[in-house]
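Here are the chains, one letter per residue:
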Amino acid sequence: MKLELRRIHIKDIQFGNETVVKDGILTINQEELVNKLKEDERIKEVKVDLARPGEKVRIIPVKDVIEPRVKIEGEGNGFPGVTTKMAQVGSGKVNVLYGAAVVTVGDIVGFQEGVIDMWGEGAKWTPFSKTYNIVVDIKPVEGLAPHTHEETVRLAGLKAAEYIGEAGRNIEPDEVLVYEMGSHAEESKKYPDLPRVLYVEMLISQGLLHDGYIYGVNSQLILPTLLHPNEELDGAVISGNCVAACDKITTYQHQNNSVILDLYEQHGKTINFLGVILTPELTTLEGKFRTCDYTAKLCKTLGADGVIISEEGYGNPDSDLLMICKRLEKEGIKTVLITDECSGWDGMSQPLADTTEEAVAVVSTGNVSHVIKLEPADKVIGDINAITTLAGGWEGCLEEDGSLQCELNAVIGSTSEIGYHNCTVKLY
Amino acid sequence: MVYIGEVNMKRKDYQIITNNPLVKENYDRVIFVDGGFQDVLIKTRDLVHSGYKLISHPLGASIRMFFSPYRSILITDKADKLDMEHVEIIENSIVSYKKQMDHRKPDEANSKDYACIDGELLKSALEEHERLSI
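So the sequence lines, in the order shown, correspond to chains A and B.
Mapping to our numbering: the first sequence position 92 is 92, numbers consecutive.
Mapping to our numbering: the second sequence position 99 is 99, numbers consecutive.
In isolation and in its complexed conformation, chain A is listed as follows (with noise of 0.2 Å):
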């Protein structure tokens, strides 16, 4: 599959008569926008806001970040069976509105959590402090069943990035990224002596608002299944992930796996590039034993030198992290696991809710009770309530000022275990 990755730098937006772009200044018709959105029935309202970063602008609770692109060459536009007719995506070229983001708000429960700081100390934790944000706020009607509440935030939010991003359609980029790897068979005949590498890609799959598609399928339904990586990076993966403010994979971060931008890089020069492994976080133990020994099986029979593992969520998907590794492990087949901790707030505790001796290479993303100190914003997109959600519930988080002691979990994409994120490692 070859895939064009064509940027087009953005490095403004405002709201105006039509949407367009010119000379990297993105307009949006927001009544358009909004008329748009409202064709789905389930909507009640809509509200568009922008934030750019340097604002001192709070976006909370934030649902999910897309990225917005049109595909100007080749099948599947959009999102193929989610918002667009089923199509093979992997292929083609994609303009793409490079540091613009839609990102949705919209509660479908008190308790959500993730809030995107445009400035100070709450912006150094959040990639997405960095792209101008066109924030949809939905409002859906009355007495909807929870998943279809969630399910009409979901769309809307494609839909808007959807209706963005045509606006690249014949803007000549800025940049061109070109994604190009064969079968197997051609690429381990190019690359015989190279390092055959995997990443096993873990999604949280345990319900309303623990939710991922593959191509519309819900990742709760699946077998552990290998894709292109440009399959990822075209569309193919979307988040229904409400609740791990700190570590959901947005679909932005799915449109821009950094695992899979890595290994690509590292592809033909240090390994020979596998592919991606999507493997479902189930509930139920047997649903776990069998993903886990199923993700194993199809490392070992596509002939995996080493596998990178990356986990969504803490709890129980960790015992999944550590089940995979030590299968592989006894396999001789090399792990690298990719996770955050929750080693409490001086960072001293176990990390992971469970371990296994196995688990030798670990690279950890950040600990995600790291607590940060957010100052008052000029504005707030979204809820303004949900701020007391954010601090976490201890004695003396609330402070008089109006600022409030957090914690990493509640700011979006702050430890990415996709490596999506701001935080780096240093080696002791």
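Treat the hints with care, since some could be wrong.
[Claimed, not checked] Restricting the straight-line Cα-Cα distance to at most 30 Å, the calculated cross-link-like pairs of lysine-lysine (BS3-like) are:
(1) K124/A / K99/B
(2) K105/B / K373/A
(3) K373/A / K99/B
Since the hints were made in silico from the structure, they are not lab data.
This structure is a prediction, so every number in the text was calculated from the model and none was measured.
Start from chain A and add chain B according to the hints.
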């Protein structure tokens, strides 16, 4: 939020340990625990030590779900030989829960929503259990 009632299960080989009043109202085979999340974990541990097996994992999948006042866990309906792997899982879960929640209180302000989501996750767990034939 509207709570939609129980799943139409063909399988009967489970019990639900829960402190969630919505679950107690809408499901059969409930062992109701009059207490908090931790009490549900402890009850589960006691039963696992008596030979019952875990069907669903005792913990949720994100930190946020640790703050829930409610938790529902699926176990087998019949006791069997003690399984150390299951004992380890539930004991580790209690340790993890305590580590998370020692210095904070459950999020009572949102308890209605947590009750609903706990119910939804239980429904998904039951559907998953139904899809497995063993």
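Consistency of the hints with the structure:
no. : hint            : in the structure
1   : K124/A / K99/B  : holds (27 Å)
2   : K105/B / K373/A : holds (20 Å)
3   : K373/A / K99/B  : holds (22 Å)
Checked against the numbered hints given earlier, this structure breaks none of them.
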